[in-house]
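These protein sequence lines are chains U, X and P, in that order. Last residue of the first sequence: number 624 in my numbering, and the count goes up by one each step with no gaps. Last residue of the second sequence: number 712 in my numbering, and the count goes up by one each step with no gaps. Last residue of the third sequence: number 1347 in my numbering, and the count goes up by one each step with no gaps.
Treat the hints as calculated values from the structure; they're not laboratory data. Incorrect hints may have been included.
Looking from chain U toward chain P, a few residues come up when the C-beta cut is under 7 Å (computed) [unchecked claim]:
#, residue
1, N489
2, R492
3, A496
4, D499
5, I503
6, R506
7, I509
8, G566
9, R567
Note that the Cβ used here is the ideal one computed from N, Cα and C, for glycine as well.
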Amino acid sequence: MNLKKFLEEWYIYILMLIIWIIASIVTPYFRQMSVFMTIIVFSVPLALVALGQNLVILSGRFDLSVGSILALTTVIASVMMRNNLLIGILFPLLIGIIIGFVNGIAISKFRIDSFIMTFGMMAVCQGIGLLIRDYPGGFIPMEFIDFLLKETKNIAWIPLIMLIIVLVVGEFLLKRTNFGRNIYAIGDDEIIAHRSGINVIVIRTAVFTISGFMSALAGLFLCAIMASGDANVGALYPLDSITAVVMGGTVLSGGRGDYKGTMGAVLILTSLARIFNLIGVNIWFTYIAKGLLLVFIVTIRMLGVREEREVAL
Amino acid sequence: MIKNKSIIKRNFNKDIIQIIILIFMLFIIILVAGIINPKFLTVKHLVTILHDTSILGISAIGQTIVILTGGIDLSVGANMLMADAVGAMLLGGQNRIIPIIICLGLGLLIGVINGAGMAFLRIPPFIMTLGTMALLTGSIFIFAKTSGFASPILRYLSIGKIGNFPILILIWIFLTIIMIIVMRLTVFGREVYAIGSNPIASYHSGIKNKKVLFFVYVFSGIFSAIAGLFLLGYTGVPELTYRGGGLGMDYTLSAIAAVIIGGTIFTGARGGIERTIFGVLVLKILFSILTMMGIGGAGKLIAQGLIVIVIVGIYIKLESSRGFFFKAHIRSLGGNKK
Amino acid sequence: MDEILKVQNISKSFPGVQALSKVNNIFKRGEICALVGENGAGKSTLVFILMGVLRPDQGKIFIKEEEVNITSIHKAKEYGIGAVFQDPNLINYMSVAENIYLGEQGRFKHHGILSYSKIFRAAEKVLSDLQFNIDVRKFAIALSPEERKLIEFAKMIRCDPDIIILDEITAALDYESVNKLFKIIRNKRDEGKTIIFISHRLKEVFDIADTALVLKEGNLVEKLKIKDVKEEDLINLMMGRKISEVFPPRVSFPKKVKETALSIKNLSVNGKLEKINLDIARGEIVALAGLRGHGQSELLKAIFGRIPKQSGKIYINNREVLIESPVKAKKEKIAFISNKRENELCFTHSIRRNIALSSLDKRQKFGFIMQRKEQEEVNNISLKMNIVAPSLATEVSSLSGGNKQKVVFSKWLLTLPEFLLCDEPAEGLDMGAKSEVYHILRKLANEGKSILLVLSDMIEILNLPDRVFVLREGKIVAEFNLLGANKEILEKKILKASIGVN
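Work the whole structure out from these sequences, hints included.
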C-alpha cells in the first residue's frame, strides 16, 4: 500500500495522534489516564449515533432525528427505570426502532425527502420528549450507572469495550456482509442497484431502523452519565454526527467511506472539548474548532479528488 | 408530431393545485383559529400576527433563494443572532448608523465566506454553512456580551406604527416585492432557477455558475443580518439561543420549514419567494393557534414537524401523477444527496 | 421445444405517441435476431417490456410456451432474460468483481464472513472464460468506456440467461472487442441461447444476425432472414424513403473563396487527443468520424472549453483565442450542441425559458429581461425550427426527443453563433426530425457558419458533410473530401482508416 493510499485511509487517526501529542505537550494534565477515560466515556454516545448516521449517509440520505430520539430515550428511561430496570432498557430501545422504522418506510416507500422527513420527526420526537417532562429529572438506578461507568484500576471498562465493539461491528457490517455492500451500492446509484435486484426499500428501511436503534442505545448510555432524563440533550447530535461522519471520510452523497474514520473523528471531537477544558479555554472554542476542522478536512479531500468528469461549478 | 393538450393541462394543474392548497390551508387555519378564539379574526389581531411574522419572513427570503439553487444555508439563525448581539453591543441604545453598517457588513461577510467555500472550494453547502454556523456559535458566545440594546430608530422601525399598521410589515412587504421582481424579471433570477433545475445544463449553456451561486449565498447572508437587526429592534435586547445544535438553529429551522411548507422543495426548480410567504404565514398562525390552546413549545414542535411531513407528502403525491419515465431528479443539498 | 419466447399482440402507448402496436413474433432457441429500425420505431420499448421495466397496455408474453407476467427486472432475470442497456449499469466506487456479483456478494463467504478473495477469484474466472483482460480489483470508475461495456456484458452473462438482449452494445467498442464479443455471441447461439441484438450499424447486423425484425413507427413491418436480403433493401424498409430526400444537397466549394474561419493547431488532451491540427472554412460542414470514443467528442469539448487542454491553440479568423470555459466560448460566438439532452435542458422549465437561456445577456437592460423582445425572438426561432408543442410555456420534459433537440438548437441559434460544434446532433431522433436537422445544418452553413460535427453513422458521414476527418486513438489518421466522391470506395476507405488497416 503506497503512501497516498495509506494517508487516505488513516488520515483521521494520524490527525488524532497529532492532536493528542500537541495536547500532552501543552498541558501536563493531558497525560493522565483519567483524561483519556473521560474521552472514552464521553465519546460513546456520539460514536453510537454516528454509526447509525454513517449507514444512513452511505446509503445516500440524512437522518436529522437522531438527537431527538436520543433525548426521548433518556426521558422515557428516566420514567420507566424506576419500576423495572429491564423494561426501562428495552422499551426505549423499542421506541427507537419503531421511530427509525417509520422514518425508513416514509423515505424509501413513500419517497419523502429524507431531510424533510427526519426534520419533521425530529420536531415530533422533541415535542413528545418535552411533553413528558420538560426539565431534567427522573430516576436512573444506581446499579445501571455503576455497571456502565464504574472504573476498575482507573479504566472504565464497559465504555472502552463498547467503543471497540461498535468499531468492530460497524466495520464488519459495512465490509463483510452482503447487507453492507448493498448499502454502498444504493448510495452510489440507487437505480443501478435496483436494476441489479437489490431491494432498495428493504435496505433503506433497515438502515433508518438501525439509526433509530443506535440513537436509543446512545440515549441509554447518556442517561447513565447524566443520571437523569433530559429532553433537551439531543440538540447537538444531528449536526455533530454528520460532522463526524463527513470528517471521517464518508462522502456526503453516499457510496464511499467507512466507519473507522468516523470513529476517529468522534474521538477527535470529544478530545478537543476535553483539551479546551483542561487548558482553560472557553468551551465555546470547540464550536470554532469544529467548524474550522470540518471545512479544512473537506477542502483537503476535495482538492485531492481528481476531476473525472466535467463539473458544473 | 402530435400535439397534446392534456399534457399542458397537467403541467398547469400541478402549479395551480399547489397554490390552491396553500391558500386553502391558510384559510382553514385562520378559520380554525377563529373558531377557537373569535378575537383572532379581528383585523387588529391579524395585523399582530403579520407583525410577528415579518422577521421570519425576511430571513426566509434569503433561504428561499438558496434552496432554489438546490443548496441550503444552515447559518441563517447564527447570522441573525450575530447581528442581534453585535448590534446591541455597538449601539448601546444610541442612534448611530455605523454599528448598523458593521452588522450588515458582517452578515455580508458570512455570506461571502459561504459563497466562496461553495463556489470556489466546491464544499457542499450543507457542510460549508454548518462550518460557518459552528464558527459563529463559538465566536459570538465567546466575544459578545449580551449587554447593550437597540437604538430608538431601530425600535421605531421594528415596533412603530403608521396609524395602526406596523412599519416592519411594510419593510417585509417591500423587501419581498423587490426580491420577487429580481427573481422573476432579471437575468440573475433566471440563472438561479436554471442552476436549480439543472446545474450542468446551465454551465453548458454558458452561465457562470460560480458567480451566481456566490451571490446567492451573499444574499442569504445579508437578509439574515437584516432580520437579525430587526429582531433586536423588536425585542429590544439580544437573546442568544442555542437550542438545536448551534446559535440560532431554531430560527434557521423555522426558516427552512417555512420554505418547505411553501412548496419550494429541494427540487430547486419550482417555487419561489411567493410560495414562502404562504409558508411563513401558515407556520406562524399555526403556532398562534397552539399558543391559544395553551400548548407550549413542545406541542408547537410536534405540530411543526407533522405539518412539514404531511405537506410534503401531498406535494410528492402531486409530482408522481406525472407521466412515464419519472426519474427522481430530486436535487440534493450537498452534492448529490437526496 | 424450439420456441423460447413469444410476444403476442404487444401494444404500448405513451401520451401522444403509439410506441408499439400489435407486435407479434416467435423467437426460437439458437437464434440471433436483430431488431432493426429507426429511432422511435419501438425497439427500446419492446426491450424494456421484455425486461420488466415497462408494462404493455395489451398483449401477452410467453416463455417456454407458458404465459408470464414480467413485473420487474428481477422477475425478468428469474425467467432467464438478461440485458445490457445503453445506460450505464455499474457502481462506480466498487470493484469490477463486486459489480459482476452485485447484490450477491453474500454467496462468497468464509466462515460466515464475506471473502473478497473468493469474489475476486470467481470474477476472474468469469472474465477469463470470456477472454476479457480486465483487472477485477479495479474500481469501475477507473475503466475505459469500452471496458465498462464489457463488464456490463460479463455481469449479465454470468447469470447464464436463456434470452440475451443487447441494446447498442457495440457503440463504445473497438474493432477487436466487437469481434471478440461476436465470437462469444455466436458460441452462445450454438449452445441454444437466443440473442436479441439491437444496433443501428447495419454492417454489424449483417455480420452477426440470423434473422431481423424491422420495426417502423411501432409496427413490425417485416421479418427476414438475413441471408435473403440486401443492405439497401433493409435501409429502405427502415427509412421508408430515399436518401436523396433525407439529406440536403451539397454546395460546391470554389477553392479560391475558401477562407479558413476556425483553425486548431497542436491540440492535445491528456490521454484522449494528440496534436490535432485542423482547419474549417466558412460555410463548411466538417465531420469527425472513426470509432466512437477515439477522441471526437473530446475535441469538441476542448474547443468549447468544457474540458481543459494540455496544449494547442485555437485561431478564429487568424486571431488566437483563449477558451477555458463555455462562457468564453460563447463570447467567441461558438455554440455546442450535444446529444445528451439531460445535460443541456432544464426539464422542469418551459420551452421559452430553455431557448432563452444562453442568450439572456443579449436581451437585458440594467439586468432586467426585456420580456417582449424575448417572447418575439423565442417565437420566431421556434417557428423557424418547427418546434411542435401546445405552447411556449409547455414544460420541456413533455416534448418528444426530436422537439427537445430542436429546443437545444434554438437555444444556441439565438446566441448568433459563427461556429457550431455538434456531437451527434440527430442521434435518437426519428427519420423526419433527422432530416429536418440535416437541412437546418446545411442552411446555416450556406449562411456562412462553420460547422464541426461528430458523426458515427456511415449514412450520415457519406451524405451530410463536405469533408471528413477520421480519428483513431486521439490522432487524425485520414482526411477525405466528399464532394463528388464515389460513395462505396469512400466508405471502405473510411472504415479502414477507422480500424487502423492500411
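Hint by hint, here is what the structure shows:
Restraint check, N489(U) versus chain P: the minimum CB separation of about 3 Å is within 7 Å; hint holds. With its C-beta approaching chain P no nearer than about 5 Å, R492(U) sits inside the 7 Å limit, and its interface hint holds. Interface hint at A496(U): satisfied, since its Cβ lies 5 Å from the closest Cβ of chain P, which is below the 7 Å cut-off. Annotation: D499(U) was flagged as interfacial toward chain P, and the flag holds, the nearest CB pair being 5 Å apart, inside 7 Å.
Interface hint status for I503(U): upheld, as the beta-carbon distance to the closest one in chain P is roughly 6 Å, under 7 Å. The interface hint given for R506(U) holds, since its Cβ lies 5 Å from the closest Cβ of chain P, which is under the 7 Å cut-off. With its C-beta approaching chain P no nearer than about 4 Å, I509(U) sits inside the 7 Å limit, and its interface hint holds. Residue-level restraint check for G566(U) holds (minimum Cβ-Cβ distance to chain P is 5 Å; threshold 7 Å).
About 5 Å separates the beta-carbon of R567(U) from the nearest beta-carbon of chain P, less than 7 Å, and the hint is met.
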